[in-house]
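Trainee: Residue strings, one per chain:
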Amino acid sequence: MGIRSTMSTFNSHHEEAEGNARIEPDPFALGLGGQFRVQVNNRVNTEWFFDYLPSSNNQVRRNDYHIGWSVMYYLRENPNPVFRPYVLAGHCFDFTYRQEILNSANNANRWSSAVQAGLGTHFKLNDRLDISFLTQYMLHLGTHIETIYTDEGVKFDKIAGGSLEGHLLTTVSLNYKISDLW
Amino acid sequence: MVKVLLLAACVFTGNLWSQNVETGERQGLLEVSGSIYPTFSMNRKSNMNFVGGHLAYQLDDKYSFRGDALIMTSTQSGAQIYNDYFLIESGFTRNVTFKRFDIFGGIEFGLAGMQLYRDPNSVTLNAQPLHRYYQPVWDGILGFKFHVSQYFYFYGEMKALNNRNPEANSLQTNLAVTGGLGIQLPTKKLLNK
Numbered sequence: 001m002g003i004r005s006t007m008s009t010f011n012s013h014h015e016e017a018e019g020n021a022r023i024e025p026d027p028f029a030l031g032l033g034g035q036f037r038v039q040v041n042n043r044v045n046t047e048w049f050f051d052y053l054p055s056s057n058n059q060v061r062r063n064d065y066h067i068g069w070s071v072m073y074y075l076r077e078n079p080n081p082v083f084r085p086y087v088l089a090g091h092c093f094d095f096t097y098r099q100e101i102l103n104s105a106n107n108a109n110r111w112s113s114a115v116q117a118g119l120g121t122h123f124k125l126n127d128r129l130d131i132s133f134l135t136q137y138m139l140h141l142g143t144h145i146e147t148i149y150t151d152e153g154v155k156f157d158k159i160a161g162g163s164l165e166g167h168l169l170t171t172v173s174l175n176y177k178i179s180d181l182w
Numbered sequence: 001m002v003k004v005l006l007l008a009a010c011v012f013t014g015n016l017w018s019q020n021v022e023t024g025e026r027q028g029l030l031e032v033s034g035s036i037y038p039t040f041s042m043n044r045k046s047n048m049n050f051v052g053g054h055l056a057y058q059l060d061d062k063y064s065f066r067g068d069a070l071i072m073t074s075t076q077s078g079a080q081i082y083n084d085y086f087l088i089e090s091g092f093t094r095n096v097t098f099k100r101f102d103i104f105g106g107i108e109f110g111l112a113g114m115q116l117y118r119d120p121n122s123v124t125l126n127a128q129p130l131h132r133y134y135q136p137v138w139d140g141i142l143g144f145k146f147h148v149s150q151y152f153y154f155y156g157e158m159k160a161l162n163n164r165n166p167e168a169n170s171l172q173t174n175l176a177v178t179g180g181l182g183i184q185l186p187t188k189k190l191l192n193k
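Those protein sequences? They're chains A and B, same order as listed. The numbers in my numbering rise by one with no breaks, and the one at position 51 of the first sequence is 51. The numbers in my numbering rise by one with no breaks, and the one at position 98 of the second sequence is 98.
The shape of chain A in the complex, shown without the other chains (with noise of 0.2 angstroms):
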């Protein structure tokens, strides 16, 4: 069982501008979250989790919310170094929720789904203590909503349709080995 902190780039656009309207891409987000895990075997792990991950700007709040899940392949047989690197990979849903910050009935949001992958390690330090570090793209498949800032003010456009968004997270973790279950 652990806690962690995700930090959050959104790449999925460049700024563009046309005429008067401009969409700037979304800023860095740094996020508070937890999960739990259950190891199925020496070299398969799984977790769950949940994140919440704010972001602003002068104009607009963003706030994201995950839940999902993920399996870990130990690269290494020995189940107990001190470095133990991983790969991943696994689903999610998200919740995404944007709000003019002057005007909160201007507002927007929308649910999807998402597939992350990723590249970690966990850093032993003690028999039941580890600290984790964890890299992954996050891609969402589902309804996107682009913030559209113009000189009359922010206006959001939902894109439905498969619309790919994607985001890098890095993660840290602190994780507490609760109990042997078999």
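No lab work stands behind these hints, which were simulated from the structure alone. We treat Cβ as the ideally placed atom computed from N, Cα and C, and that holds for glycine. There's no promise every hint is true.
To be verified - Computed footprint of chain A on chain B, listed as stretches where at least three residues anywhere in the stretch have a Cβ under 8 angstroms from a Cβ of chain A:
| hint | stretch |
| --- | --- |
| 1 | 54-67 |
| 2 | 86-93 |
| 3 | 104-116 |
| 4 | 132-141 |
| 5 | 156-165 |
Put chain B on the given structure of chain A with help from the hints.
Mentor: Below, chain B alone, put in the same frame as chain A:
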């Protein structure tokens, strides 16, 4: 009730369940403290006052699990950043022990509830509604403890509290320092006997 009284009497009298803090034994200590946290913003000229405390449990002689709660009470000097700010966080610390003396460092993750300050003279800022935001916080801790007895310790520590500005694309770092007297109970020893 009798059991509780007997237990309390056992804890606070004699050395039947004494923990050898002078030899570096730390496992099982349950620590609690409350103090004042003068806090300095690293991004803006603002010195604030927080009050709060922590609860920690020594998992073994080296590592402890710890939770903190802080609330802002006032701004000492400089520009006010927050109308109000409170924080709950938890994490782990690592001790390096020299007899009665510990140096410790660790990281904690938490959530801060905050309302940004609006300058009454600023027309632009006052046009903005006052929201209460909940921002994730990451912090690093560094400090020391001196175990006066198995029940009391003196300590000093500093924490770098980092959270994103809820209305801008920037990081806010506040350095909090505190110290004083902490109270501890040797629970592991007590339970093992």
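Trainee: Please count how many residues of the stretch 54-67 of chain B have a CB within 8 angstroms of a CB from chain A and say whether that reaches 3.
Mentor: holds (count 5)
Trainee: Okay, the stretch 132-141 of chain B and chain A, do three or more residues pass the C-beta test at under 8 angstroms?
Mentor: Coverage by chain A holds for the stretch 132-141 of chain B (6 residues, Cβ < 8 angstroms).
Trainee: Count residues of the stretch 86-93 of chain B with a Cβ under 8 angstroms from any Cβ of chain A, then say if the count reaches three.
Mentor: Satisfied; 3 residues make the cut.
Trainee: With a Cβ-Cβ cutoff of 8 angstroms, does the stretch 104-116 of chain B contain at least three residues near chain A?
Mentor: Three-residue rule met by the stretch 104-116 of chain B, so holds; n is 4.
Trainee: With a C-beta cutoff of 8 angstroms, work out whether three or more residues of the stretch 156-165 of chain B approach chain A closely enough for the coverage to hold.
Mentor: holds (count 4)
Hint compliance for this structure: no hint is broken.
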